[in-house]
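Visitor: Chains X and U, in that order, are what the protein sequence lines are.
With the working numbering, letter number 120 in the first sequence gets 117, and the count goes up by one each step, no holes.
Add 183 to the 1-based position in the second sequence for the working numbering, that's all there is to it.
No wet-lab data here; the hints were simulated from the structure.
Keep in mind that a hint or two might mislead.
Under the rule of at most 25 Å between Cα atoms (straight-line distance), these lysine-lysine pairs were calculated in the DSS-like manner [unchecked claim]:
(1) X:Lys39 <-> U:Lys358
(2) X:Lys4 <-> U:Lys289
(3) U:Lys341 <-> X:Lys110
(4) U:Lys359 <-> X:Lys134
(5) U:Lys358 <-> X:Lys133
Which chain U residues stay away from chain X? Per the calculated CB distances, all over 10 Å, these [stated by the list, open to error]:
(6) Val215
(7) Glu251
(8) Phe334
Just so you have them, the derived chain U footprint on chain X, three or more residues with Cβ under 8 Å [stated by the list, open to error]:
(9) 37 to 45
(10) 56 to 65
(11) 99 to 110
Quick caveat: nothing in here was measured; it's all calculated off a predicted structure.
Positions of the beta carbon are idealized from the N, C-alpha and C atoms, including for glycine.
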Amino acid sequence: MNEKFKKAVKLFITFFKIGAFTFGGGYAMIPLIQKEIVENKKWISDDDILEIIAISESTPGPIAINTATFVGYKTCGFWGSFFSTLGVVLPSFVIISAISGILAEFQNYTAVKYAFYGIRAAVLALLIKAVITMYKKSPKGIISYIIMAAALITTAFLNIPVLAVIIGCALIGLISSVIADRREKR
Amino acid sequence: MIYIRLFLTFLKIGAFTFGGGYAMLPLIQEAVIGNNWMDSSKIVNFIAVSESTPGPFAINIATYIGSETGKTGGGFVGILTSLFGAFCATLGVVLPSFVIILIVAKCYERFKNSGVVIGCMSGLKPAVVGLIGAAVLSVFKTVLLPDGFVFSAFKDAKIYVSLVIFAIAAFLTFKKKVHPIIIILIASVLGILCGYLFGI
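The whole structure should be built from the sequences, with the hints applied where relevant.
Guide: Structural data, given as structure tokens:
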């Protein structure tokens, strides 16, 4: 019990550090997780971490949370996953809670309003970059392009609930892969 | 009850976001606008804040929306209610991940090779591109055409200031690979300068 508890505390501290020092979200955390968990702490092997990341990308939810929960579970069971997840969430929670009040106050200043006016234009560029990054990670081919266009048009112009779009795209992917499999077997 | 609504909304967002981060923007925009929680330019502002503070976007935005909408009253009560709102939203966005990974971790050999998972993912990966694309269009509208596609928008200096800052930010992002935080800093300085110069 004691040994396990110590390990859970170590997991908490490690993921707290990862949560506190990565800027730019989940994907930016992956190299840090690899370095800390595989190289420094040697809790998980190199092959295992790659598999964990791959699974974290194909299960719902933020990648950072998925990876933390998974690494924690593999290292020391349920409490490991609990403390890892708590560790990775806590810095964000504390920092954003602290600044959200300040942010609301500040946004009334003229200079801050102007600053955010400029910043919003820059955010557009950052988001376009995110689209390109995800495009590179996506499978290519006619069905993929159709899904991309369909998701874009239904979400942006047709007022269809986003949930329906996501489920629909998953189903199209599933059906098309089943059809492709059958063709191959023939 | 706002807190239950925050929890359930973010539970849904956590359960149905694949690919993380910005892929959840359309779901967030839908929830925020549908519930009349805040106006869309605040969400765009917060994207920049989240890029400049540590932690995953999903957690940051959940905490932010939770604390903004959960807050009732001022002083100590205001702080407590905003913390509770942040807690409900963050718990909601984390819980599905946590539970699903606990289940998957027990049988991940089967999960990894499952035809159903591989099939669904082959549809979800391109869907994420379309979803973030839709978020781009929505942000485009918020930034450049807040009053809709009207002719008078083009007579205002505002739209040209935004276009120039966007062009500079795009150049720095794509050609120079400058870090997002630096780009946000530059854009804020340009925004302040143009604001006082042209009175936007």
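Visitor: Decide, hint by hint, whether the structure agrees.
Guide: Here is what the structure says about each hint:
Restraint check: the Cα-Cα separation between lysine 39 of chain X and lysine 358 of chain U comes to about 38 Å, which exceeds 25 Å; the hinted pair is violated. As the CA atoms of lysine 4 of chain X and lysine 289 of chain U are separated by approximately 20 Å, the hinted pair is consistent with the 25 Å bound. Proposed proximity of lysine 341 of chain U and lysine 110 of chain X is supported: the alpha carbons are some 13 Å apart, at most 25 Å. This hinted pair checks out: lysine 359 of chain U and lysine 134 of chain X have alpha carbons roughly 22 Å apart, not beyond 25 Å.
For the suggested pair lysine 358 of chain U and lysine 133 of chain X, the alpha carbons sit about 17 Å apart, so the restraint of at most 25 Å is met. With 10 Å as the threshold on Cβ separation, the claim that valine 215 of chain U sits away from chain X holds: the shortest Cβ distance comes to roughly 12 Å. A cut-off of 10 Å between C-beta atoms contradicts the statement that glutamate 251 of chain U is not in contact with chain X; the least separation is 6 Å. Non-interface status of phenylalanine 334 of chain U relative to chain X is upheld: no Cβ of that chain comes within 10 Å, the nearest being about 21 Å off.
Check on the segment 37 to 45 of chain X: 0 of its residues sit with their Cβ under 8 Å from a Cβ of chain U, so the three-residue criterion for coverage is violated. A stretch counts as covered by a chain when three or more of its residues have a beta carbon under 8 Å from one of that chain; for the segment 56 to 65 of chain X and chain U the count is 8, and the coverage holds. For the segment 99 to 110 of chain X, the stated coverage by chain U holds: 6 residues have a C-beta nearer than 8 Å to a C-beta of that chain, and at least 3 were required.
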